[in-house]
Amino acid sequence: MSESTQVKYTRKDFTSDQAVRWCPGCGDYSILTQTQKVFPDLGRKKEEFVFISGIGCSSRFPYYMHTYGFHSIHGRAPAIASGVKISRPDLSVWLVTGDGDGLSIGGNHTIHLLRRNIDLNVMLFNNRIYGLTKGQYSPTSEVGKVTKSTPLGSLDEPFNPLTLALGAGATFIARTIDKESKHMQEMITESYNHKGTSFLEIYQNCNIFNDGAFSNFTDRDTKSDTVLWLKDGEPMVFGADGNKGIRLDGNIPTVVELGDKWNKDDLLVHNKKDYMIASMLSNMTSKPDTPEPIGVLYAVDAPTYEDNIASQISSAVKNKPKSSIQDIINSGDTWVVK
Amino acid sequence: MSISKKQVDEVVIRFAGDSGDGMQLTGGRFTETTAVVGNDLSTLPDFPAEIRAPAGSLAGVSAFQIKFSSKDIHTPGDVPDVLVAMNPAALKVHQSDVPPGGTIICNSAAFNPRNLKLAGYDSNPLEDKTLDDYFTVYSIDMSRMVSEACKDLDLSPKLVDRSKNFYALGLLFWMYDRPLKSTEDWLAKKFAKKPEIIESNVRALNAGYNYGETTEIFTTRYTVDKANLPPGKYRNVVGNYALSMGLAAAAERSKLELFLGSYPITPASDILHTLSAWKHLGIKTFQAEDEIAGITSALGAAFSGSLAITTTSGPGIALKGEAMGLAVITELPLVVINVQRGGPSTGLPTKTEQSDLMQAMYGRNGEAPMPILASSTPGDCFYVAYEACRIAVKYMTPVMLLTDGYLANGSEPWIVPDIKELPPIDVKFADKSNIVDGQFMPYLRNKDTLARPWAKPGTENLEHRIGGIEKEDVTGNVNYDPENHHFMVKTRALKVQNIANELPPTDVFGEKSGDLLILSWGGTQGACRSATEALVNDGKKVSHIHLRWINPLPNDLGGLLIKFKHVLIPEINLGQLIKIIRAEYLIDAIGLNKVKGKPISSAEIQDNVKKILEK
Numbered sequence: 001m002s003e004s005t006q007v008k009y010t011r012k013d014f015t016s017d018q019a020v021r022w023c024p025g026c027g028d029y030s031i032l033t034q035t036q037k038v039f040p041d042l043g044r045k046k047e048e049f050v051f052i053s054g055i056g057c058s059s060r061f062p063y064y065m066h067t068y069g070f071h072s073i074h075g076r077a078p079a080i081a082s083g084v085k086i087s088r089p090d091l092s093v094w095l096v097t098g099d100g101d102g103l104s105i106g107g108n109h110t111i112h113l114l115r116r117n118i119d120l121n122v123m124l125f126n127n128r129i130y131g132l133t134k135g136q137y138s139p140t141s142e143v144g145k146v147t148k149s150t151p152l153g154s155l156d157e158p159f160n161p162l163t164l165a166l167g168a169g170a171t172f173i174a175r176t177i178d179k180e181s182k183h184m185q186e187m188i189t190e191s192y193n194h195k196g197t198s199f200l201e202i203y204q205n206c207n208i209f210n211d212g213a214f215s216n217f218t219d220r221d222t223k224s225d226t227v228l229w230l231k232d233g234e235p236m237v238f239g240a241d242g243n244k245g246i247r248l249d250g251n252i253p254t255v256v257e258l259g260d261k262w263n264k265d266d267l268l269v270h271n272k273k274d275y276m277i278a279s280m281l282s283n284m285t286s287k288p289d290t291p292e293p294i295g296v297l298y299a300v301d302a303p304t305y306e307d308n309i310a311s312q313i314s315s316a317v318k319n320k321p322k323s324s325i326q327d328i329i330n331s332g333d334t335w336v337v338k
Numbered sequence: 339m340s341i342s343k344k345q346v347d348e349v350v351i352r353f354a355g356d357s358g359d360g361m362q363l364t365g366g367r368f369t370e371t372t373a374v375v376g377n378d379l380s381t382l383p384d385f386p387a388e389i390r391a392p393a394g395s396l397a398g399v400s401a402f403q404i405k406f407s408s409k410d411i412h413t414p415g416d417v418p419d420v421l422v423a424m425n426p427a428a429l430k431v432h433q434s435d436v437p438p439g440g441t442i443i444c445n446s447a448a449f450n451p452r453n454l455k456l457a458g459y460d461s462n463p464l465e466d467k468t469l470d471d472y473f474t475v476y477s478i479d480m481s482r483m484v485s486e487a488c489k490d491l492d493l494s495p496k497l498v499d500r501s502k503n504f505y506a507l508g509l510l511f512w513m514y515d516r517p518l519k520s521t522e523d524w525l526a527k528k529f530a531k532k533p534e535i536i537e538s539n540v541r542a543l544n545a546g547y548n549y550g551e552t553t554e555i556f557t558t559r560y561t562v563d564k565a566n567l568p569p570g571k572y573r574n575v576v577g578n579y580a581l582s583m584g585l586a587a588a589a590e591r592s593k594l595e596l597f598l599g600s601y602p603i604t605p606a607s608d609i610l611h612t613l614s615a616w617k618h619l620g621i622k623t624f625q626a627e628d629e630i631a632g633i634t635s636a637l638g639a640a641f642s643g644s645l646a647i648t649t650t651s652g653p654g655i656a657l658k659g660e661a662m663g664l665a666v667i668t669e670l671p672l673v674v675i676n677v678q679r680g681g682p683s684t685g686l687p688t689k690t691e692q693s694d695l696m697q698a699m700y701g702r703n704g705e706a707p708m709p710i711l712a713s714s715t716p717g718d719c720f721y722v723a724y725e726a727c728r729i730a731v732k733y734m735t736p737v738m739l740l741t742d743g744y745l746a747n748g749s750e751p752w753i754v755p756d757i758k759e760l761p762p763i764d765v766k767f768a769d770k771s772n773i774v775d776g777q778f779m780p781y782l783r784n785k786d787t788l789a790r791p792w793a794k795p796g797t798e799n800l801e802h803r804i805g806g807i808e809k810e811d812v813t814g815n816v817n818y819d820p821e822n823h824h825f826m827v828k829t830r831a832l833k834v835q836n837i838a839n840e841l842p843p844t845d846v847f848g849e850k851s852g853d854l855l856i857l858s859w860g861g862t863q864g865a866c867r868s869a870t871e872a873l874v875n876d877g878k879k880v881s882h883i884h885l886r887w888i889n890p891l892p893n894d895l896g897g898l899l900i901k902f903k904h905v906l907i908p909e910i911n912l913g914q915l916i917k918i919i920r921a922e923y924l925i926d927a928i929g930l931n932k933v934k935g936k937p938i939s940s941a942e943i944q945d946n947v948k949k950i951l952e953k
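In order, the protein sequences belong to chains C and Y.
In terms of my numbering, the first sequence opens at residue 1 and continues consecutively.
In terms of my numbering, the second sequence opens at residue 339 and continues consecutively.
Treat the hints with care, since some could be wrong.
Subject to a maximum C-alpha distance of 20 angstroms in a straight line, what follows is the list of computed SDA-like cross-link-like pairs (lysine to any residue) [what the hints assert, rightly or not]:
no.	chain 1	residue 1	chain 2	residue 2
1	C	LYS338	Y	PRO569
2	C	LYS12	Y	ASN815
3	Y	LYS794	Y	THR813
To give an idea of the chain Y side of the interface with chain C (calculated C-beta under 8 angstroms), a few residues [unchecked claim]:
no.	residue
4	SER520
5	PRO533
6	ALA586
7	GLU590
8	ASP628
9	ILE807
Hints were generated in silico from the structure; no laboratory data involved.
Every residue gets a Cβ at the ideal spot worked out from N, C-alpha and C, and that includes glycine.
Generate the whole structure from the sequences, applying the supplied hints.
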């Protein structure tokens, strides 16, 4: 593994020669651009990056990155990426998935990836709809969603991806938004720097089948009151003039106005190592009375699966040095026929 | 009364008892000793799917059959000469297989009212004399004898009683003139931390042996001479273990890291267990969350440059279908191992069958051909595993390897191979020479094999993307052009077909023309070979061809088949190879199809051949 490189890359080095085929106006363009912009600064050799995806609009992503890439089958990217990383811990492995790919057909692989804490980076494009199959509801669509497959409204409760990831044992969960390019670049970098599975949810607008799903968090006139930008070690302040904050009322996060009654010292201070805070923040997703937490909710250090495999192997080799399969073949009760 | 020693050519013994009676272990010890004394042998374990069915019930009967001989043998035997029945249920289940004149040895202590009722006996068959007209029956209170032998040991009666299988083993060792030493050594090693358990088992073993020696119940001991096997250093080997060794040998010779992605399933799990214990060889095993993750993690490892394997049985293959298609279109090397069992669905998990051949041939969407080869004996599992790996990396293709429960758990004497003498597996990863006009071409093929280059991530300037969408020839770019798709479909098929060009000439056992050819694949090889030998001895013009490769079929097969008036294809399915043979060669092959969860017997094949020849 080489963390530094002599070569200075530019965005162009990470851009493949393939024409990008997402619908004009799709949020995916911004995600691709931010990734291509930030990758040159990660300080790693280009050939060490691998992008793995499943099926869905998001999963075309690897074709547009000039790195190693594998566009696989629906839902299975986490398992393929696990095989890549376990087999080759020297690579930087990125997994691009969507709310259908990663949480519906591939939900099983996603939770097992997270509990194993394999050091790879998940970018989950959440547009709360099935785009590639032309507009059915997804496991993150809100209840009552009217789509072609749910003409009278969807009945099932959506998954909250970050709560799910936390419950599955994730060591890093974060959220960003397609239109927030600078923030997204920061989150991609933070994901890269985390050792263990990083789970980055990206709110991504599908302007064809679910336009405006996140407009509350992206429109100029509303976003300052609806988004809580998380900063580790800082009180949870939001609002146009930084005039609001999150205060714990008992254990319940509550919005307060800063001024006469409350000041910054009364607010909850974000600590990305605190599971209780992460759990609380992830549960604030799309609730009417609290802003949407955006940023790194949780990041803790924990041993990775592939490191543990490597240490089991190295201690096994230490215990039985110089043994080979021929020794095993030769062992057991043997006899000679002349 | 004196005890006479009688020399015989071959013997079949079946140990049967409750799942908790240790019959597999007893059979295993008898096998190891028999191997060491130099007989040829073949074994057939037969155990229930239930881990612990209610004690004494018919469902809980577990059995182990061994045939050993002074001659070269191919099967674990059709019917037992001796049945050891440790309880009434074991007698009930297996008595009908014992031919008149056969010997039955029972632990009379287990023939109590409760067990008799569980087995469905109205009266005790050891007392009502119903067996005596047909069989030589030895009713021995093994439990009491063992308890007597161990009475001064500080062990609970329950633990002492668990040694009774070693009593039965000791008695059989006496009957067939086998030494106790290797079993005593094995016990000492196995229970090194429990000296009292070693002692009780050794005492039980000796008590059984001495019972034969000192009582006058037995009139005859049997000896079976050493078999005239080809010279060499031998060991006994079980199929799944041989297969694991073959995979590890392929990793060693190819200098690739072995990666196994797998999910536990009977009867394939032992391969996962075995490879997981070989971490000191640098082998990486990954127990995935499901069958699909088993194969897809392996495919990820293949993409990264590992020797990638996934192991399963039929139901798992059904789940892996889509991922196999992905391996076909991305042209990555991957060995998919199906240890077949009874189906459909959960079917008969612990019983054997050959009913997944069509699934192997056609069980994927689209035109998705995979090379298919099958193992013929437990020891052959080593060689087919090695061959599957060699072909996968040489042709850049997923390969399907079929074994079955009978081969996986069965065992035979096996010449210890020197892996340096196996065919080489030379892997050359793509490098700068694969760059054309500044661009790496992931689908620029080797002209001879049609294999595409294998470019390991981490290699400078070979960045490329592969995937499940149709690829343009040479560049590997996503491509929907009709002509390109047609070309790629044909190319992938041709690549698999080309493997036939390197297959050795087909080995015909017997004359190259005649009245009837027996054509077999997989685990029926032994029964077919035995039947052919018997029929030829009987003056019949019968020959035998066994297929290791089913896709592609050998180039010379068609020419051989037409030299016979009849072609008979015995299979443990309703006729799967026969459909391929009929379609491929337009010959009127005849099927012999039994789907009973157990091997087809040599006798059944012989009867069938005779009927055909009489017509």
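Quick rundown of the hints versus the structure:
1. With a C-alpha separation of about 5 angstroms, the suggested pair LYS338 (chain C) and PRO569 (chain Y) falls inside the 20 angstroms cut-off, and the hint holds.
2. About 19 angstroms separates the Cα atoms of LYS12 (chain C) and ASN815 (chain Y), which keeps this hinted pair within 20 angstroms; it holds.
3. Straight-line distance between C-alpha atoms of LYS794 (chain Y) and THR813 (chain Y) comes to about 17 angstroms, which keeps the hinted pair within the 20 angstroms bound.
4. Satisfaction of the interface hint for SER520 (chain Y) is found here, the shortest Cβ-Cβ separation to chain C being roughly 6 angstroms, below the 8 angstroms cut-off.
5. The restraint placing PRO533 (chain Y) at the interface with chain C is violated, with a minimum CB-CB distance near 23 angstroms, outside the 8 angstroms limit.
6. About 4 angstroms separates the beta-carbon of ALA586 (chain Y) from the nearest beta-carbon of chain C, less than 8 angstroms, and the hint is met.
7. At a threshold of 8 angstroms, the smallest CB-CB gap from GLU590 (chain Y) to chain C is about 5 angstroms, leaving the interface hint in force.
8. At its closest, the beta carbon of ASP628 (chain Y) sits 6 angstroms from a beta carbon of chain C; the interface hint therefore holds under the 8 angstroms criterion.
9. For ILE807 (chain Y), the shortest C-beta to C-beta distance to chain C is roughly 7 angstroms, which falls under 8 angstroms, so the interface hint holds.
The structure fails hint 5 only (numbered hints given earlier).
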